[in-house]
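Participant: Sequence:
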Amino acid sequence: MSSSPLVITTDAGIRTLTINRPDKLNALNSATLDALHTAFAEAAQDDTVRVIVLTGAGEKAFVAGADISEMNTLSAVQGRDFSLRGQRMMRFVEKMPKPVIAAINGFALGGGLELAMCCHLRIAADNARVGQPEINLGLIPGFGGSQRLLRLAGRAATLEMCLTGAPIHAERAQALGIVNRVVPAAELATETRKLAESLANAAPLALRAMLDCINIGGECGIEEGLEYESAQFGLMFSTEDMREGTSAFLEKRKPTFVGR
Numbered sequence: 478m479s480s481s482p483l484v485i486t487t488d489a490g491i492r493t494l495t496i497n498r499p500d501k502l503n504a505l506n507s508a509t510l511d512a513l514h515t516a517f518a519e520a521a522q523d524d525t526v527r528v529i530v531l532t533g534a535g536e537k538a539f540v541a542g543a544d545i546s547e548m549n550t551l552s553a554v555q556g557r558d559f560s561l562r563g564q565r566m567m568r569f570v571e572k573m574p575k576p577v578i579a580a581i582n583g584f585a586l587g588g589g590l591e592l593a594m595c596c597h598l599r600i601a602a603d604n605a606r607v608g609q610p611e612i613n614l615g616l617i618p619g620f621g622g623s624q625r626l627l628r629l630a631g632r633a634a635t636l637e638m639c640l641t642g643a644p645i646h647a648e649r650a651q652a653l654g655i656v657n658r659v660v661p662a663a664e665l666a667t668e669t670r671k672l673a674e675s676l677a678n679a680a681p682l683a684l685r686a687m688l689d690c691i692n693i694g695g696e697c698g699i700e701e702g703l704e705y706e707s708a709q710f711g712l713m714f715s716t717e718d719m720r721e722g723t724s725a726f727l728e729k730r731k732p733t734f735v736g737r
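Going by my numbering, the first residue of the sequence shown is number 478, and it counts up by one from there.
Not one of these hints is a red herring.
Straight-line C-alpha distance at most 30 Å; calculated DSS-like pairs for lysine-lysine:
id, residue 1, residue 2
1, LYS572, LYS671
2, LYS537, LYS572
3, LYS537, LYS501
4, LYS729, LYS671
5, LYS537, LYS671
6, LYS572, LYS501
7, LYS671, LYS731
Keep in mind that the hints were calculated from the coordinates and are not lab data.
Please model the complete structure; the sequences and the hints are all you need to start from.
Facilitator: Written out as C-alpha cells, the structure reads:
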C-alpha cells in the first residue's frame with residue numbers, strides 16, 4: 478500500500494482524491510491537510526480537470542476525524558495553528574472554481590464532517606454516520622464545524638450535534654440539509670460518477686460563476702448579492718459557451734462546452 482496520504486486519479490475531466498490512511502480511518506494529520514491543499518490547488522490550475530471527487534480509502538470511513546495521536550501532544554499555540562491550517566485548506570476547497578463532490582463512504586466525524594461540509598455537494602452511503610464528537614475529547618470543532626454546520630443545518634441541530642457529540646444517520650443528515658443525497662452503499666461510486674460526469678459536461682465558466690455567486694451571496698447582503706449575480710450573468714454573454722449552449726438549444730442538439 479502506498480505511503481502517500483492521497484491517491485490521485487483523473488479520468489474524463491474528473492479528478493478523484495482518495496484519502497489513503499485506512500488503517501487510521503483516514504484521520505486528518507498535518508501531512509494529510511497539506512497534501513489535500515496541494516492537490517486541490519493543482520486541480521484548480523489544471524484546465525483538463527472539470528470536477529473533483531473527494532472520498533476515503535476502505536469501507537469504514539470517509540474521514541473519522543482529525544488525528545488524535547497528533548493532537549494529544551499539541552500546546553495551546555500549536556493547537557490554534559493546527560486549527561488554522563485545517564481552516565485554510567477547507568476554505569480553499571469551499572472557494573474552488575470547480576465543483577467538489579464529497580462521496581461519504583462511511584464515518585465522517587469531527588474533521589471528516591468539517592471536510593465534507595466545505596465541499597459543494599455531498600453524497601452519502603446509507604450506512605454513513607456523521608457528527609461533531611469533539612466534546613467527548615474535551616474539545617470543540619476546530620476546522621469550521623461550528624460555523625458550516627450552523628449554516629447548513631440551523632441552530633437547533635448544530636447545538637444538539639455539537640453539545641452531545643452524538644453521530645447521526647445519513648438519512649437524518651439529508652433531512653437536515655447536511656448531505657444532498659443518500660444512496661445504497663453499493664451504489665455510492667456509481668451515483669457519484671454519474672453526478673460528476675453531468676458536471677464535467679456542463680459549461681465550466683458558468684459553473685465557476687454560479688459557485689462564486691452562491692459563495693459571495695451567502696456572505697453578504699441581498700443587494701450586494703444581486704448586483705454580483707447581474708455582473709456575472711452579463712459576463713456569460715461574452716463566452717463561446719453561452720453562444721454554443723443557446724444555439725444548441727435552438728437547434729435541438731446536445732451542446733459541447735469548451736470553457737471559453
